[in-house]
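J.: Spelled out from the first residue to the last, the chains are:
Number of protein chains: 2
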Amino acid sequence: MAATIPSSHRDLAEATGVGVLSTVGTDGVPQSTAVWYKLEGDVIRTSLHTSRQKYRNLVAHPLATLFILDPTNPYRTLEIRADATIADDADASYFESVVHHYGQDPATFPAPSDNRVILTLTPRRVVANG
Amino acid sequence: MAATIPSSHRDLAEATGVGVLSTVGTDGVPQSTAVWYKLEGDVIRTSLHTSRQKYRNLVAHPLATLFILDPTNPYRTLEIRADATIADDADASYFESVVHHYGQDPATFPAPSDNRVILTLTPRRVVANG
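Residue numbers (the working numbering), protein chains in the order written: chain E, 1 to 130; chain S, 1 to 130.
Read the hints as simulated data drawn from the structure, not as lab findings. All values reported here derive from a predicted model rather than from experimental measurement. Beta carbons: idealized from backbone N, C-alpha and C, even for Gly.
Derived coverage of chain E by chain S (criterion: at least 3 residues anywhere in the stretch with Cβ under 8 angstroms from a Cβ of chain S; other residues may be distant): (1) 12-22; (2) 29-42; (3) 53-65; (4) 71-78.
Examples of chain S residues lying across from chain E (beta carbon under 10 angstroms, computed): (5) P30; (6) A34; (7) T65; (8) L69; (9) A82; (10) R124; (11) R125; (12) V127.
Could you put the whole structure together from the sequences, leaning on the hints where they help?
T.: Here's what the structure looks like:
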């Protein structure tokens, strides 16, 4: 059963912010990276490149957590613990939609548009603080 | 063998900032929370309360990652993947030192000073970006 993001903190998920995505490596150590993200209905999506360790971690262990700090108050936070699913983005259209969402031009954006996949995070548990 | 924090990003570990500590729950899902932290030599320490899930996660699975975003540039980040060890802080003196480090008065600080432990993160792998 999916958890929902409370209205009190939905602004953090809707913002074009920098979140912290944590996955678990094969050695059991969490890996955390800064990511862009898009709230779509009740799930969070983002674009991953298949060369990245977080992609390999998610294929092996499809559980991840997105943590968002309010940039104006780091004690106001939103933690989204989630089941992770991965889908193809062969034409990079989803990648381009994320780049657009963040106000950038995909044509000039300095990240590879090949070998892209769509990560969907379906919340299992949501913890809002502050 | 411990990893070291590069001098280029040591300021982030030395700052009195808010980091993101990720542990792994018994269900395999990462848990992330906002934490204070102190760089002491080549390890990171913080104070935990034993009632918290992150404490229980660390007892069961002593691996954790601290992720620090530069508050002035969220694309400048420091990821510290670490072995976690826990020690007693029966008199709460370590807890008080962290509160002092963050410019607060332990006598009036609104967090319980009983049931405190000291978490030491010994870096295994450090990733600096930006």
